[in-house]
Structures are given as structure tokens and as C-alpha cells.
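Going down the list, the sequences are from chains A and B. With the first letter of the first sequence counted as 1, position 381 gets the number 381 in our numbering; the numbers rise by one all the way through. With the first letter of the second sequence counted as 1, position 204 gets the number 204 in our numbering; the numbers rise by one all the way through.
If you are wondering where the hints come from, they were derived from the structure by calculation, not from laboratory data. Some clues are possibly wrong.
As the list claims (entries may be wrong) - Facing chain A, from chain B, some residues (calculated, C-beta under 7 angstroms):
| hint | residue |
| --- | --- |
| 1 | Glu33 |
| 2 | Ile41 |
| 3 | Met48 |
| 4 | Phe49 |
| 5 | Gly52 |
| 6 | His154 |
| 7 | His172 |
Claimed, not checked - Derived, one-sided and incomplete: chain A residues facing chain B with beta-carbon distance under 8 angstroms:
| hint | residue |
| --- | --- |
| 8 | Pro122 |
| 9 | Leu221 |
| 10 | Ala227 |
| 11 | Thr229 |
| 12 | Gly242 |
| 13 | Gly250 |
| 14 | Leu258 |
| 15 | Arg461 |
Backbone N, C-alpha and C fix where the C-beta goes; we use that ideal spot for every residue, glycine too.
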Amino acid sequence: MDYTTEATTFKSPPVTAPERPNYLNAGYTLRSWLLTLDHKRIAILYLISVSIFFALGSLFAMMVRLELLTPSGDLLQPDTYNRMFTMHGIIMVFFFLIPAIPAVLGNFLLPIMIGAKDLAFPKLNLASWYVYNLGGAFTLWALIHGGVDTGWTFYTPFSTTYSNTHVIAVALGVFINGFSTIFTGLNFIVTVHRMRAPGMTWFRLPLFIWSMYATSLIIVLGTPVIAITLLLVAAERLLHLGIFDPKLGGDPVLFQHLFWFYSHPAVYIMILPAMGVISELVAAFSRKRIFGYRIVAFASIAIAVLGFLVWGHHMFVSGQSIYAATVFSVLSMLVAIPSAVKVFNWTATLYEGSVSYETPMLYALGFIGLFTIGGLTGVMVATLGFDVHVHDTYFIVAHFHYVMVGGTIMAYLGGLHYWWPKMTGRLYNSFLSRISAMLVFVGFNLTFFPQFILGYLGMPRRYWAYPPEFQVLNVLSSAGASVLGLGFILPLCYFGYSLFKGRRSIDNPWGAVGLEWDTTSPPPTFNFDVIPVVTHGPYEYNPEQVHRVTHPEEAAVV
Amino acid sequence: MSSVAADPHAVHAHAQHHPSLAHQFDNLDQQRESSTLGMWIFLVTEIMFFGGLFTAYVIYRSQFSAAFQAASHHLNVIMGGANTAVLILSSLTMAMAIWAAQVNRRKLIVVFLILTMLLGATFLGVKYFEYKEKFTHHLVPGPNFEFDGPDPQHAQIFFSLYFIMTGLHALHMIIGIGVLTWLAVLSWKGRFNSEYHNPLECAGLYWHFVDIVWIFLFPLLYLLGAHAH
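Extracted from the complex, chain A is given alone in its bound form (with noise of 0.2 angstroms):
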């Protein structure tokens, strides 16, 4: 294991033959960043944004374990309880999850996978950069004016008539970053249509193209009645006009209705990309084919279809018609195969595969285990008795950070160390890098798992003091939450070093296939210097002969 101290052992980068050109000595100048056009920029800038709110969303969920830690609310005041949940969904969903692996790994390797020059619009792609920001400094700025306190679902009446919290500014900060995913969602759709490389037909696009297609169909179809539910809210609570209104026979019933036609399948805005990067990455580190790839594409547009069909599991305690309940009920379940479908691909991927526990592959291997765990249980609370049962309890917030963080940010940071070679062209510290997967994996197990064990026995979700019967599994969460915050503080500061001190990669340190990995590390602006001609699939891996240079000794240029 001496190559994990390389940080230690290499004092400076060996002086070799100037730099060859690439997207990041283009230029050097804020406004070379500012105003670029080129998706890996723009990839780059997206990373800093997400990044940033990440930190922030993550000091929400910090407040809020810190507060149950005991059972009397003794920390925070009720009311500034209510804002720190409120602000941790809102930042996180919006914010963080949404746009984390399409906007920065999806941005930066979408153009490439395909061997296009750029996103179709590259203009709209900067466009969708500063929106988003334009979006968070609206919710900034009600943050700072003393936030909302709504839950992140914005329910009406209480979001319309008596909250006195920012709900207008907070409403506004997510319409308007809507348009910066629209954005995103409709530059892939046309990018992947029209600006393949010649011979890269859609059966030998990478799966990670077929997750980020499906996801920018959801995202085009879904995000724009969220604007329009939010909209409504806004114009209630300003203007007086009396959609959801129950004194005036609106109904609120109605808000849910919208809300979730866009907040159920956004959840598969957030899990899509993951199961994308975790095909990659699975097949990358078995050295394998993945198994049944024409399955596992199509599994991704089956969930995206199904995806709009189940909105209505969010309200079986609502008021909605038990019928309609019922269908939901069983349409739910059905996401349950292609999820599944995608589950067992990749563990039969890994059978008889020359598998190796690179970083990438323990967050991979993490990834599978928790959204297991997170769909199983998805199945469970799909089930119209039990989910009456553990309805708003910590069980289904468990259920959800399984799919979220142990699906998604799991696999954003499986996908960010994995190409993180390719976007810097600079080697990290492997052991930490393994050390902080670990971290990750346990604290989040240690976090969530006594939340489901909390919600079965009773505890509601989103309440700021508790039986004292419940103290010890939520003292068990918030340490697991400590770990947790560790695991995700490591990466920065060994990404950090990577970033200025870190050695120099070879073009493909993981001997992997793929176009990404033809092209040099980092590419240059125009991704190729030579357009790509097309002629196999996209895991032509061959087990035989196995190419692996993954010690940082190996692929450190010399």
C-alpha cells in the first residue's frame, strides 16, 4: 500500500514537455471562466455552485440532529426548528440533488460519451448556470431574512394563508431555478439527438447517456407544472387570487395533486443519473460487459414513463378517493421491476468479473447495497395499509435519504472520483479516497438506519421534541451524522490538494473504455482533436486481457 502515501513520497511534478492544450489552459481570466461556452467549463462552475448549497443544506441537517439529540426541544426554539428542516429539503432538493449529477458530471461527459464537439446550446447551457444562481440567491436571500418554514412541500393553506415566513421569495428562488434544469433537460434531449458522432447509433450510446436521456425527459415534462404550482402559491399569497383557497371552495387536495405530479418523478430526476454512473462504474471496475445492456436502457425509460403514473402514494392519507389510492398503490409497485431489473444487471455484472475495490467501486458497491434497501422499502410504504401505518413517520424520511443520499450522492461521488482524473487531469490520494468512502457508507447507515426502526415505533417526522423512549436510536442518527459530515469534509480537502498539488494522470488511469477516456485528460475545448468513428458498443471490455493501470505509480505521468 506505499503508493497511498504519494502525497508524501513525490515532491514536485517532473518537468516534461509544455502542456498540451485543453479546456483548462484555454484561458485563465475570471471573464475565460465567466463567460465560457464550453460544457466542461460550465461543468466546473456548476460544481462550485452545487457544491457551495451542498455545504449549506448539509449545516441544516447538522441543526436539526444536533436538536434531537435530546428529547426536549432545547436548542432551537420551535418556530426556527420548522425553517432548519424546511431550508435542509428545499436546498438539498432543489439545489443539490437535482441538478448535482446531470449539471456537473452529466454536462462534462455528456458531449464526450457521445463524441460531440458541445452541447447543442452551448449558450443556453451558460444561461442555465446563471439561473440556477439567480434562483439560489432568491432563496438566499430569504434565508437570510429569516427563511421558511413550510416543509419543503410548500402545502397550501399553510403555505398560501398563514405561514408569515418568506414563502413568495423561497416559491420564486425554485421557479426560477426550475428553468435552469429545463434548460439543462432540453440541451441533452437535442444533444443526443442530433450531435452524435458518426456510427454512435443508440444502442451503443453508454448507459449513462440513456439514464441522462430519460432524466431530461422527466425534466421537461415534469419541472414545468411545479413552476406553475408555485406560481399559483406565489400569485395566492400576493394577489389574492384564490386557487387553493378553502374559503372559496378551492381546494388544497388540488396543490398536492400538482405538487407531487412533478415531486414524485423528480425523484427520479435524482436517481436516474445515479443508476447511470453506477452502470459505468460497474462494468468499468468487473472489466465486464454490463449484463443485458439493452435491458438495463430500457429499465431507465420504463422508470421514467412509470415514474408520472404514482404521484398519488403521497397522499393515501390525504382525502383522495380510496380508489384512486388503490391504483396508486399497485402503479407504485411497478417501479419496483425496472429498479430491480436494474439491481440484479449489475450484480450479474459483477459475477465472474475481475473485479477490483478502487474508490469508484466502493461508493458503486455502497450504492447498490443502500438502494436496495432504499427501493424494498419503497415497496413497503407503496403498500396502502402500512404506509397508513408509518405515514409521516421518521420511517418514510428514512425510506427517502436511502434513495437520496444513499442512492444519489453515493453515486455522484462514486462519479466524481471516477472522473475526476479525467476533468483535472490529476491523480488523489487513493487511500483517503477509500477511507472517506467508508466513512460515508457507515456514518450513513448509522444515521438513517435507526430512523426506520424510530418511524415503526411512531415517531412523527418533522416534530422538535420526543418521548424520551426514543433517545438513544436518535443519538445513534446524529452520531451517524457526525460520520457522515467527516466522510464528506474528507473529499474536499483531498480534492483540494488533487486540484493544485496533486500528480499528473495519464490519459485513462482506469483503463477503461469508452469515448471519454480516448480523449486526453482533460480534454481539449473541443473534446477530440480527431472526430471519433463509431464501430462497437460501449463496454467492449475484455476480461482476458486484462489492462489495469490503477496504481497512482502506473498512471501518474513520468
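The hints should help you fit chain B onto chain A, whose structure is shown.
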């Protein structure tokens, strides 16, 4: 995974003949197909956006149909009908602007674009007088709402929907007029001709879409109670 292909610089050099070709595209055909597809996808998002409103409309109309019919009578069918005609005419002039580009008539493009904008402005002007009438008759939802028919509360929901649906439609018209202004300047400068006029086509798709929204809004809001009398 790949083998060597055509030299991109050669492709680039060839393509650079046309000043309107963006760097990421190989040729004008690819550029045209991409932007048209992008515009259609954008219109899909618009359909979903208005779709949320139409859903709310359908649900409340079926629940409160009597109140909706009564409230509908307070809208000015003459003005709404005239506006429908104005918008259909503006779609014609928009299509004529694209035709003018296809036959390389630079000045005619500008003339038809200005006509389209004028018709759009006429629509908004009529809308202004309609809104003003609602304000004077206290038909604007809120504390000052007064309605002498049955079910004034449910009528208030009708007028909430009326204002938000026609208001968002009018906002789309204003954005459309802004886009057409910009395109008229570019047309005057001679940017568009039979070979390259894709921005005009995309703006046309948008303009026709906004018209079609109105074609749905007009009967749903104005003609709702007509058959009852």
C-alpha cells in the same frame, strides 16, 4: 473504442463559409434540425406549464359549473372574439415573414414582422381595456371582489383562473413581441435569407403556440355559458 475519422479541422474550414454556423455544429442542416427540435421541446414544457392551469380549470369547472357559467357572462365576448381574429391574423403575418425569408425578400420580412408585432400589440391593448373593465366592476379577486350572482366565492375562483390564465398568456405575447423586435433588427441587417432563417422559424413556432393557447382559452373562459341561453 473508436477509429480515426475525418479531420475535424477540414470539416471546420469547409463549414466556416457560412457566418451563421455555430462552432458546435458540422453544418447548417444539423444546426437547423437541432434548433427546431429544441424549440419543439420547449413548447412541450409550455404545454405542461399551461396544462397545470387547465387541470385546475377542468376540476373547478366540473365542481362549480353553475358559478362558472354565471361568471363567464361577465366577460366581454365581443372584445374576446375580436382579439381571437386579431391573433389568427397575426399568425398569418408571422407565416408570411418566414415565406419572405424563403424567397429572399429582406424588406418584406421586416414589414411582416412589424405587422405581426402591431397585431400582437393590438391584442394587448384590447386586453388592457378588458382588465380595466373588470377592475371598475370589482370583479378582481381579493378583498374588493363583488359579484351579484349566485355563489360569489366560486365565481371568485373563476376570475382567479381568468386572470392568471390570460395574464400568463399576455406575458407570453409580450415576450414574443420582444423576440420579434430583435429578429426584425437582424432581418433588416440582412441576416436571414433562403439558406438561413431558422431563428425566424423557431420564433414562428412560438408565436403560433401562443395563439393556440388563446384558441383554447377563448371558448373555455368566454363562451362557457353561451349554450345555456
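Honestly, which of those hints from before does the structure not fit?
Checked against the structure, the hints that fail are numbers 7 and 15, while the rest are satisfied.
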